[in-house]
Structure formats: C-alpha cells, structure tokens
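> Given next are the chains, with one letter for each unit.
There are 2 protein chains.
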Amino acid sequence: LTSTQPHRTPDPFRDGRSERMFEVSCRQERRYEVHMVDDVFAVDSRLAPLLAKRKTLAVTTPTVWSIYGQRLEALRSALGADLAVFVLEAGEGRKSMDMVLRICELCHEHELGRTDSLLSLGGGVCHDLVTVAASLVRRGIPHVSVPTTLVGQIDAGVGVKGAVNFRGSKSYLGCFAPPAKVLVDPAFLQTAPARTRTDGVAEIVKIGLIADANLIHLLQEPNSLLSCETPSTNRTQMVLWLAIRRILEQLSTNLFEDQTYQRLVDFGHTFSGQVEELSGYEISHGCAVAIDMALSAAISLTLGSLSNTGFQRILTLLKECSLPIYSPLLTVASCQGALRSAARHRGGHPNLVIPHRLGSGGFVTDLAILSDDVLADSIARVRTP
Amino acid sequence: LTSTQPHRTPDPFRDGRSERMFEVSCRQERRYEVHMVDDVFAVDSRLAPLLAKRKTLAVTTPTVWSIYGQRLEALRSALGADLAVFVLEAGEGRKSMDMVLRICELCHEHELGRTDSLLSLGGGVCHDLVTVAASLVRRGIPHVSVPTTLVGQIDAGVGVKGAVNFRGSKSYLGCFAPPAKVLVDPAFLQTAPARTRTDGVAEIVKIGLIADANLIHLLQEPNSLLSCETPSTNRTQMVLWLAIRRILEQLSTNLFEDQTYQRLVDFGHTFSGQVEELSGYEISHGCAVAIDMALSAAISLTLGSLSNTGFQRILTLLKECSLPIYSPLLTVASCQGALRSAARHRGGHPNLVIPHRLGSGGFVTDLAILSDDVLADSIARVRTP
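Protein chains in written order, with this note's numbering: chain A, 1 to 385; chain P, 1 to 385.
Read the hints as simulated data drawn from the structure, not as lab findings.
Since the model is a prediction, treat every value here as computed from it, not as a measurement.
The beta carbon of each residue, even a glycine, is placed where N, CA and C say it ideally should be.
All clues given are correct.
Computed Cβ-Cβ distance ranges for the label pairs, DEER-style: (1) P:Pro12 - A:Met238: 28 to 34 Å; (2) A:Glu320 - P:Arg114: 32 to 38 Å; (3) P:Ser171 - A:Met238: 43 to 49 Å; (4) A:Ser77 - P:Lys319: 57 to 63 Å; (5) A:His217 - P:Ser171: 49 to 55 Å; (6) P:Gly113 - A:Glu111: 35 to 41 Å.
Bound-form chain A, shown alone (with noise of 0.2 Å):
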C-alpha cells in the first residue's frame, strides 16, 4: 500500500554504449555550512570575515532594514568593508524575474567578480530572489544566507532552492544553488511578524511528525518556541536547532530532488498550493500547509496505516499550534485536482506523505487508492472531528 523505501529514477535519456559516443561524467561536491550564531553582526562574528575579505552586496527588506540596518553599517565601517546594501520591497507579488534582474544589475554595477558575494538578509521572498540572481551573475556566484523570519531560519533560508513567480505560476522559474553559507541568529525572531512564526511552527511540525517524535514533545513544553515572547532562551534555541538539523538531514539526501520522487519534507505540501491558490491567498502558507497535515493524517488513518490515538494527538497538536486544521475549500474534486498536479510535478506518482506514527512517515504511490471514498471519508474526519 504504502512505502518508505525511496527508489531511484531513471536516466530516460541513455542509450548506452555505441562506436561514435563519449559519456561525459562529473562528480560535483557541493557542501555548505549552516552555524547558528549569536550575534550575527557583532565585529568578531562568522559574517565579519565573509564582508571582510570580499566585496558583497547585501539585499534586504524595509523591516529588517528599519532594525538592523545601523547594526550593519557598523560592522561595515568597523571592518573597512567593500560592502552595498539594496533595500527591496519584499512580498510574493514581487517575487519576479525583474527584481532578479534589478538584483543583477547592481551586481554589474558594483563589478563583484566570481568570488565576490550576495549576502541575502531577509525573509523567505529575499532569499528566493538572491539565490536565483547569485545562481545567475557570471554563471553563478557566491550568496551568503541570514534568515531573518522563522521560517526562513528552519526551512527556506537553509537549502539550495529559489525560485520566482512567472506568468501567474508560483515559483515556475528557479534554480537549485547551493548558498555558500548560512548563519542563523535566533535574536532576528524577537522582531520577526508574528505570522512568520505561525508559518515557521507549521514547518516544525512537519519535519517532527515525519522525522523525529523528540523534537514534537519539546515543541510541547513550556518555554518553548511556540509559547515563548523571546525566543532567544536557550531552551527555544534548543527546539530551532533540532528543526534546523532533521530538516537540513531530510533536504541532504536528495539535495536537488534528482534522486527520487518520494521526499517527506512533502509532506502537508501535496493539497497545501490548492487551498492558498483557492482562497487567493487569503491562507497563508503555514496554515495551508496545516490544514494538508490534518487531511494527510485523516488519509492515513482511513487507509489503516494511522491510529486514532495517532490522529487525535496530531489534531490537538496542531491546535495547541493555533494551526487550523479544516478549510472548507477541501472538497473532494479541489483535492482529486491536488492530487494530479503533484503526480504532475512528482514522476507521474502523487507521492502523498502520510505520518504512521509520530516521527515517522511514508507513502502513497497509487492514485487509484486515493478513491473519491476515501477522500470523502478523510475530509469528515477533519471537518467534525
């Protein structure tokens, strides 16, 4: 029914072997380092010696800007470096190619060369568009990540995607580029809107339900992220770094999603896209994906590969979250819909992630059990649970 083993996909491009053929092979090496820091602008922090010893352009946001900007010229003036700073306004309708190419430009103009660097200090849509103009300028140059929301810090800020808006498709032109490095400094989050939280604790829930049952019971005690005002305790600093760590686990062993179609950090990410594009984004992205997790877990149960205990404890789980857990927008055609565009997107399989238990997960690789009954079904159970 279900399967946990990831299987490779194929080469659909080889022949094999003929008189006048040459097979050009590489093996590329890509490592990064994520560090969580302290201070990130303090003048013997892991970011002085990146600005010290290259040229960099640094884009971020009004807010951030509005913060720490002064916290940056400092350090620029304190380190003598050769350092710019584009401030962009932010926001999905401005993740666009043109704000990649405006990101280009000042990196034509400033002439960085092939070992200088972007620095991204930002949320989610800042680091989409840096990356992809890091991914671009003279084929590809150094970015150096700072996340400054939560969900930029456990999720889109520490992995190798961007992407931006193209023709009404969200995220249709991207890349994968790997940043050069990433410092994360939980002190960003005491400043961070409070829905980017919301956003980021949906993401932890995720990578707990389907990768470590540790990280969901600290997420439940208080202090933790999740309750607390300052999120810069030792005690939250604990709870983001474990995230930090089984996400980073998961997103390495299938870095540029060319090893296999079959991915947990999928998962709440398969009916999620549906219900923000239906509600016109109305839902945000967290609560999208929550609202996935629940169904997901309703699926799981219906299909016998979930208890009911199971399922409760992931229900309450997400409340305690102020996650929502139904839309009405989940019906069994807009789920059908779902469904076929991820097999779509995922080799012709919908790969649904569904939790067995708490920390753990697999997969449902047959359109054809995810029967209109079965859907009707999973859908009740969340909507009157």
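With chain A's structure known, arrange chain P on it following the hints.
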C-alpha cells in the same frame, strides 16, 4: 616558470566544525551522452525516441528552419509527436535575457512538465538561449542539443555552459546546465555559413595544439575537414569526432569550472576577447582566437618554452587554415589589460596558456613574468614573423 599541474581551488567559506554547525554535503552525479549520428531526422534516429516519449519545444533559427523545417515536420508527423517549434532570430545582439524569458513563456504556454524537454536546433546563440531557459524552467528541465554549425558541434553545443549578454557585458548572466543529450549530425556542415566553419576550425586547431598533435596532422591532410566542400565524408567525420572527443576529455575534468582556474581549453581565449571588443566585433571569435594563439605561441618562444621550429609550424598551420596571426589591435597596453582582466576571472592569476610542443601546453601563472618587454618582443614576432 610555468606549470601543467592543476591546483584545486580552496573553499574560502569553510570554517570547520563547531558545536552548532551542520555541514550539508552532497555528491551530484552528472552524465550525458554525445553521439555522432548519421541522419538526425530519420524515423529510426536517436532523436526519434526522445520526441516520441515526451512533449518538446524546439528552438531554431530562420536559416536552419528554412532548410530543415520540412524534415522536422515530417518526423513529427511520422511519430505523432507533441512537438512545438519556435523560430527565433539569433545573432549576438539577441543573446539576451528577454529572449530567454520568451522561451520560458512558451514552455509555460505549452505546459511542459519537469520531464518534458527543450530542443536546441541551431548554432551557438540558439544553444546558449535554450540552455539558460532550460536551467530556469521549473528549476531545470531537460534540454537536447542538436548543433548545426562546426563551432557548435565541437565546442559550444557539446558542453554544459549557457549564457546571455547583460548591460553590455558579454555572457554576464548564465549557468552550468548539462544537456540531456547531444546529437551531432555532420550533414549540417554542408549548409552552415562559411564564417561559422572558420570559427570552428580555429577551435579545432586550439584543442589540437594543446592536447593532440595527431589532430593537427589529420587537419593538414588533403580532403580534411578544412579543405573539403562536403564535410560529411568518412575522413572529415573522423577529424570531427576526434576533435569532439579531445575537447570533451578536457572539459569533463572541470565541467563546472570549480576544480581549478588552470584550464588548457582557455588557450587562445586570453587576448581574444579584447581583440573582438576593440574591433567592434568586426573580427569574428574564431579569428580573434587564432590571433591570440599566435601571440601566445610567440610568448612561449620568448620565454624559452617553445622552439623556433615549433613556433613557425604553428604560424604556418594557422595560415593554411585561412586564419589570421596578427592584428594591429595587439599593443603592450591592450595585452596587459587583457591579462589583468583574465587574472580577475581566473582566481587572481592570468593562467595564460602557452603551447610547449605540438599537442602539449602549460600555464604562465605569474603576471610579473609577462613584462612589457616580453610582450613587446612577442608582438614583434607575430607582426613580422
């Protein structure tokens, strides 16, 4: 003085272990096949199964389309293939991000999925545009390369690089994106413009001089690729295939240019950009490369790394190939400018490639060795050889 030992580029962004550090590490295996084929439009060709199995957007040029359009249409009909064709006006001036985004737009309109494919059927510019578009659409979709010019078949169209011009800078934006497959059909050379043949011959001479003396001998024989009007004979195909193999052997050791800044394939590509630019692009790329190779050989002679006999053989060869060996645009000042620019691009050293003996070359890594006197003496050797 000079060295043939490549040195590995160090990673300046690595700190090493710390308590809260996660190192993301991933080996990416990239491979693709380059085939020499007999009739790429035949129903039983290697192209046919690629078109039959997936949706394809072919990008081609007016010239190629006028000559081969009917054959591609016939193949599409015979296969019942889902194939759309975009005929674009090529030329260096249209190697722009606008054209790349136009191709991306067509991918979107035709709803190409992650495993559907772009096909470039044209020369270097067409290949560049398709490579960059393919690298961006859905974070990378496959692209098949069918180069139709000599320089495309032995150089631009068989490698992994794509780029466009941006804000007046040649190839400023681009990517490393390996093709899914390359199909080289020598029949195209019969209809390719004469100018593209000269450019291709210059690149064959380049690879022969630094990597294989036998290729040079073959090129100088009667009825070789060089002199033959119908370059599809067995003899010309042999030279073509040997050149492709030698260039791919060189490229594949450093496919993403991240292993070393010392690349033998940069032979003829240190002063040539300056020559092209100063001539207002009146001097073609191939001719500029020939002028650069002659000067680099003269420098090798001046520095005692090449015999006078060797130097004269190289000049004779270039002349036999109808390639120039000198331009008055070569001055000590313009050459020093080109060397400084190369050093910026090659990790701080000019890494000038100079021929040692036929089929073997090395590097001048130290700018100081290339004094004004050395350059003046060497320029004099090609001005009045």
